[in-house]
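Asker: One letter stands for each residue in the lines below.
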Amino acid sequence: MQITLFVPCFVDSFAPRVAESMVRVFERLGHDVRFAEAAVCCGQPAFNAGYWDEAQSVAERTLRELASAEAVVVGSGSCATMLKRFYPRLFAGTSGAEAAQDLAARSFEFAEFLVNELGVSELGARFPAKVTVHDGCHALRELGLKRPMRELLSHVKDLTLVEMAEAETCCGFGGTFSAKFPTISRAMGEQKLGSARETGADYVVSCDSSCLLHLKSLGARDGAALGSVHLAEVLASR
Amino acid sequence: MTSAKSEFQERSARVAPDLEHRARMTRQLRLYSTQRAAREGAYGDFQAARRAAGETKWQALMALDRHLLEFSEKLEARGAKVHWAADGAEARAIVLDVLSKRQAKLVVKSKAMTAEEIGLAEALAERGIEVVESDLGEFIMQLRKEPPYHIVFPAMHLSRDEVGELFHAELAAERTDDPEALTMIARRVLRQKYVAADAGITGANFAVAETGMISITENEGNARLGAALPSCMITLVGIEKVLPKLEDLALFLPLLATAGAGQLLTGYNTLYAGPRAPGESDGPEEYHVVLLDNGRSELLADPELRDALRCIRCGACLNVCPVFRNVGGHTYGTTYPGPIGAVLTPSLRQQDGFEHLPDASSLCGACSETCPVGIDLHHHLLEHRRRRAVTDPSPLWHAVFRAYAFVCARPALYERLISFARFGTRLLRWAARIGVAQAARLASERELPEPAALTFRERWRRR
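So the sequence lines, in the order shown, correspond to chains A and B. If you're matching positions, the first sequence starts at 1 in this note's numbering and goes up one per residue. If you're matching positions, the second sequence starts at 1 in this note's numbering and goes up one per residue.
What the hints contain is simulated information worked out from the structure, not anything from laboratory work. Careful: at least some of the hints might be erroneous.
[Said to hold, decoys possible] With the Cβ distance kept under 7 Å, some of the chain A side facing chain B (calculated, not the full set):
hint, residue
1, D12
2, A46
3, M164
Quick reminder that beta carbons are idealized off the backbone N, C-alpha and C, glycines included.
The shape of chain A in the complex, shown without the other chains:
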């Protein structure tokens, strides 16, 4: 199958290994992986802040670049939500409405795509560690994805999964929220880190690099060891 990766801006520059791992996972399964190089960002920062004109101009480019893709896979629940749920709203009543609906139907979050579309959950991965899972809010509540990530992790060799208390509580990143209200964002992140650490896990695993980067920047400050790793990196490990 032809799979086109949409690599969000922050994954491209801060977490390129996530996208590389996705390539590895799909190629091992024998798929033809493409990369929409000229699609830079989904437009969510402007959309969430209410600046829909600017969001539209970013999204139009992405819409165009992904127009001919058979399946678009996104390594971020948040950006996948933008494509799947918010593009149809953003373009409602405009000339892009049909294209937005069409893209929404062809776009998938990474774990969702593997489990629900490809029907794969065993990838021969090995990750010798104790991990806990953080549900990104968009994947969890906008896309209703809780099971796929856990399903995939349950087949990883030498991996122990321990659920944290309040696994479904937001980590406090929230895009511009963390810039506008840094003290609240930090407090939320500290609680999330606290819940993750209580499990005694070595790593917190998520489908969203943005949450992980936020937690990492907070964890780095107090120095306590808790790694953060994207699901794709776990699945690409052997």
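Fit chain B to the known structure of chain A by using the hints.
Answerer: Chain B in isolation, oriented as in the chain A frame:
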């Protein structure tokens, strides 16, 4: 200059890092979550109950005019007087008029967020009428001269010790931190007030159109006493609280109890149908119901946001909101805090200055997920943000997003900027290492994530 926004920032910066506050809120609200989850389990299908409730409220709102008239006719037929108040000022004037005709000096009041919304207690106090809050939590907050911390748990942020100290200082009671003893102290004070009060003021949970009845649900029996003992009863109710049929209560009373407090059913559920009828032995001589609009019809006319009027004030969205948990109820500076407050305040407050509240959310959606009547709360926040960006854009953020859109539409420029940012980070680190003070300060203040040496785009091309 202090604005509601800067006060919000200042207060949240103080409360959010407060570890004791954090621990208390976590303890309280985890208990709520556990109990609520257990009660939800008692429903055959809790999600179906939510959908039915949302649908019922929706239908009630779509025919609100008819339901309100029906409610009023049925209730007045039994001798009650129904008043229509367009805004807070009218509602206050109506209540004051009723009270002054009866030369009332002392009023017992049970929980009513609508009264907070229109500043009723303050207005009565200005006219020399003593208002005693009879709900235990509200009683505590009144002694502290503070508004409620939460719309259902008004004093949730206080410890038993603090309440004991407060009762000792304000009521000259013996020091204790025993909850039962504290309740007894409050009861001793309150029982005297019920007997002496000239009128009782209540809020309402539902107004049943079919029968013209007010439904009040409570755990302490204080609203019942306030309704039964004084000779005059006044109920202040928002017009959105209408339910079409009496049988709707069979769904809404348990749902409110479950969502609001993790109870199967609240302790006391009472229907008020009018003043004492001939031959009856109890009940008030006069019963007045004040129907409060205060921005609600305007909200009803708004197709994008009107479903916020479904709200039954259970407070569940506050309980699950990570922002509320961290900043507490007083940080908002509004009658309704938390997600529902951020959604309603711009509509009901009828004054500007609270537009920052929809921004103060990570849009996690926990509120919408928990709302028992299915209000799409976090998407309402998005809609508020969108409208504000159109009517009153922030010059800074607008410029930021214009620049962002400009760059994202030009992948080559985007790539050049990424390399520049990478270079900038290195330069900053190097400057910090060789002791440039400003760079060192910046680097020590936050751990900005480190850009990778090569972007994915660069790596992809090298494959």
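Asker: Could you work out which of the previously given hints the structure breaks and list their numbers from low to high?
Answerer: 3
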